[in-house]
Amino acid sequence: MSQTAIRKERLWQVEARITLPRFMQKGKDGSLPSPLTLFNIYPEQVLDQKDGFEVWLKCDSPESIVSIHDFLPGTLAATQIVTGHEDKIGQDLGYLHPERHPYKLVAKVRSDKPEKAIDTIIERIDLLTDILSFQLQYPVKIIKLRVFDISEELHKGDKCELIEFSGTPFYRVAKDAGALYNDPVTLEIYPNQISKDLPEDIEAGLRWFTKGISAFPVVDKFTFYWIALEKLVPHIIPSEERKHFRCQKCNYELQKCPECGAKWPKRPRPLSQKIKLLVMSLGRKSELFDQLWETRQLFHGRIKLKDFQEISHIARLVSELKSIVVDALKIVLDLSVAEPPYSPISGFQWSTMGIHGFIEKK
209 MSQTAIRKER LWQVEARITL PRFMQKGKDG SLPSPLTLFN IYPEQVLDQK DGFEVWLKCD
269 SPESIVSIHD FLPGTLAATQ IVTGHEDKIG QDLGYLHPER HPYKLVAKVR SDKPEKAIDT
329 IIERIDLLTD ILSFQLQYPV KIIKLRVFDI SEELHKGDKC ELIEFSGTPF YRVAKDAGAL
389 YNDPVTLEIY PNQISKDLPE DIEAGLRWFT KGISAFPVVD KFTFYWIALE KLVPHIIPSE
449 ERKHFRCQKC NYELQKCPEC GAKWPKRPRP LSQKIKLLVM SLGRKSELFD QLWETRQLFH
509 GRIKLKDFQE ISHIARLVSE LKSIVVDALK IVLDLSVAEP PYSPISGFQW STMGIHGFIE
569 KK
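Residues in the sequence shown are numbered consecutively from 209, following this note's numbering.
Hints in this document: simulated from the structure, not taken from any laboratory.
Computed from a prediction, not measured in an experiment: that's the story for all the values here.
Even glycine gets a Cβ: it sits at the ideal position worked out from N, Cα and C.
Any given hint might turn out to be false.
Below, a list of computed lysine-lysine pairs in the PhoX-like style, where the Cα atoms sit at most 25 Å apart [unchecked claim]:
{"#": "1", "residue 1": "538", "residue 2": "514"}
{"#": "2", "residue 1": "352", "residue 2": "383"}
{"#": "3", "residue 1": "352", "residue 2": "316"}
{"#": "4", "residue 1": "321", "residue 2": "367"}
{"#": "5", "residue 1": "352", "residue 2": "258"}
{"#": "6", "residue 1": "316", "residue 2": "364"}
{"#": "7", "residue 1": "493", "residue 2": "538"}
{"#": "8", "residue 1": "493", "residue 2": "324"}
Now the in silico label distances, taken between C-beta atoms and shown as ranges [said to hold, decoys possible]:
{"#": "9", "residue 1": "273", "residue 2": "217", "range": "31 to 37 Å"}
{"#": "10", "residue 1": "493", "residue 2": "399", "range": "31 to 37 Å"}
{"#": "11", "residue 1": "446", "residue 2": "405", "range": "17 to 23 Å"}
{"#": "12", "residue 1": "372", "residue 2": "553", "range": "30 to 36 Å"}
{"#": "13", "residue 1": "422", "residue 2": "490", "range": "22 to 28 Å"}
{"#": "14", "residue 1": "422", "residue 2": "273", "range": "33 to 39 Å"}
{"#": "15", "residue 1": "480", "residue 2": "277", "range": "54 to 60 Å"}
{"#": "16", "residue 1": "405", "residue 2": "490", "range": "21 to 27 Å"}
{"#": "17", "residue 1": "321", "residue 2": "272", "range": "32 to 38 Å"}
{"#": "18", "residue 1": "235", "residue 2": "257", "range": "39 to 45 Å"}
Can you make the complete structure from the sequences, with help from the hints?
The structure is reproduced here in structure tokens:
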């Protein structure tokens with residue numbers, strides 16, 4: 209390796225701040241202490257050591273870590289389970305308040321650029337959060353990611369290069385990739401559109417639509433909008449039409465068994481056909497339905513939530529699917545498709561942004 213290459217390569221520290229449960233001690237009667245005191249119980253340790261890399265579990269204040277053996281059995285309770293309030297702060301707003309989460313996964317990586325250092329280790333760190341979520345039965349998420357140059361010892365006033373993300377780079381941790389859509393917000397409320405008596409399936413469709421519009425990851429949005437569509441379709445496309453199976457090669461209608469002559473009952477129209485009829489009746493092309501139906505296979509594990517092109521394709525389809533669900537809701541609510549609310553196909557931008565700059569040692 210040339211001297212130039214050696215000088216270019218630097219040592220970077222990659223830190224992924226994560227959500228881990230914090231605990232409180234209950235009284236003998238099960239009561240909670242006042243004021244609440246939260247404990248960190250997971251010791252600093254190497255979690256993964258492979259291919260020349262070590263990934264450590266670190267805590268901002270290691271002196272605050274207590275041993276579970278210091279407590280009587282059954283007196284420690286995770287805040288998520290006991291109050292629900294800490295869960296609201298910790299999970300939903302964790303990206304806004306990363307300082308409330310003292311634990312982080314730390315690795316040191318040699319690379320010529322900080323972006324390459326992240327790309328080298330982020331998939332392994334992401335997998336560790338999945339394993340920890342399974343082991344702890346708690347949603348372990350990356351809520352902040354930073355990488356900075358530690359090639360040389362820093363003294364007060366020295367600066368080092370740094371990249372910091374709120375959350376994770378969307379193109380590396382696909383399962384949490386969130387997008388911001390440029391959807392217009394309706395400026396008025398229309399009381400005449402509000403119906404008090406709705407079939408349960410239509411109410412369910414509204415609930416799933418609300419889940420979709422509230423969700424952050426694009427995979428969640430697609431899932432919730434699709435469920436809403438499945439709840440609404442039977443109220444729009446009738447099920448009376450029943451057909452026999454047909455030969456996939458010659459399209460011959462199979463009305464009876466060719467061996468024994470027993471007659472076969474007709475089968476109902478498949479859900480896929482109903483949805484395709486609805487999509488096309490709303491003026492969309494059959495190619496769009498094909499893309500939506502193919503993406504629906506994520507429910508069966510066909511999508512691995514790892515490929516950037518894959519997740520970008522889903523993000524683009526979310527806007528199309530939402531628009532279809534909005535039109536379907538108008539139909540079941542006896543509204544004209546030309547009436548508000550409107551849901552045009554909109555563009556999007558990835559929500560996680562990185563800051564690239566320099567920090568000064570205090």
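Going through the hints against the structure:
With a C-alpha separation of about 35 Å, the suggested pair residue 538 and residue 514 falls outside the 25 Å cut-off, and the hint is violated. Our distance criterion of 25 Å between C-alpha atoms is met by residue 352 and residue 383, whose separation comes to about 15 Å. For the hint linking residue 352 to residue 316, the alpha-carbon distance of about 17 Å falls within 25 Å, and the restraint holds. Restraint check for residue 321 and residue 367: satisfied, since their Cα atoms lie roughly 16 Å apart, inside the 25 Å limit.
Annotation: proposed proximity of residue 352 to residue 258 holds, straight-line Cα distance about 24 Å (limit 25 Å). At most 25 Å may separate the alpha-carbon atoms for a hinted pair to count; residue 316 and residue 364 meet this at roughly 22 Å. Between the alpha carbons of residue 493 and residue 538 the distance comes to roughly 20 Å, so the proposed pair stays at or under 25 Å and holds. Straight-line distance between C-alpha atoms of residue 493 and residue 324 comes to about 41 Å, which puts the hinted pair past the 25 Å bound.
As the Cβ distance of residue 273 to residue 217 is approximately 34 Å, the hint placing it in 31 to 37 Å holds. The hinted range of 31 to 37 Å is satisfied by residue 493 and residue 399, whose Cβ atoms lie roughly 36 Å apart. For residue 446 paired with residue 405, a C-beta distance near 21 Å keeps the hint of 17 to 23 Å intact. Judged by the Cβ atoms, the range 30 to 36 Å given for residue 372 and residue 553 holds: they are separated by roughly 33 Å.
Between residue 422 and residue 490 the beta carbon distance is about 24 Å. The supplied range of 22 to 28 Å therefore holds. In this structure, residue 422 and residue 273 meet the distance hint of 33 to 39 Å, their C-beta atoms being roughly 36 Å apart. The beta-carbon spacing between residue 480 and residue 277, approximately 57 Å, falls within the hinted interval of 54 to 60 Å. The hinted range of 21 to 27 Å is satisfied by residue 405 and residue 490, whose Cβ atoms lie roughly 25 Å apart.
Taking the beta carbon of each, residue 321 and residue 272 are about 35 Å apart, inside 32 to 38 Å as hinted. Under the hint 39 to 45 Å, the C-beta atoms of residue 235 and residue 257, about 41 Å apart, fit the expected range.
Of the numbered hints listed earlier, those contradicted by the structure are 1, 8.
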